[in-house]
Amino acid sequence: MAERVALRPWGNSQGIRIPKSILEKIHISAADQLQIEVVEDAIVIKKVFRHKTFEERVAEYGGEISVGDFDWGEPQGRELL
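Numbering of the sequence shown is given in our numbering, commencing with residue 1 and proceeding in unit increments.
Since the hints were derived computationally from the structure, they do not count as laboratory data. Given the structure is predicted, the values throughout are model-derived calculations rather than measurements. Cβ atoms here follow ideal geometry from the backbone N, Cα and C, with glycine treated the same way. Just to be clear, a hint being listed does not mean it is correct.
What the hints assert, rightly or not - Once the Cα atoms are required to be at most 30 Å apart in a straight line, the calculated DSSO-like pairs of lysine-lysine come out as: (1) K20 with K47; (2) K46 with K20; (3) K52 with K20; (4) K25 with K47; (5) K46 with K25; (6) K52 with K25.
To be verified - Between beta-carbon pairs, the in silico distance windows are: (7) D32 with I65: 28 to 34 Å; (8) K52 with P75: 34 to 40 Å; (9) H27 with R78: 19 to 25 Å; (10) K20 with F49: 21 to 27 Å; (11) Q76 with I45: 43 to 49 Å.
Assemble the whole structure, with the sequences as input and the hints as a guide.
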């Protein structure tokens, strides 16, 4: 879906407004950090990966702990068994 936007002066730079429908499609909100780069003759804007805070992780925690054994395979050297 291609949309046209206008480039406008913003201080000593230029800016565009990104339509809400596009931001919603790629889950970007006003507080998100973005990465911008030029690839060939295109401007590429990506959302920067952000680690979740401890509080965000606790809020997502469902209360279930899954603990299990992991098979590392046969010993390859002088591992202690």
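Open item on the list: When the structure is checked against the list of hints, which entries are broken? Sort them ascending.
Closed with: Structure breaks hint 9 only.
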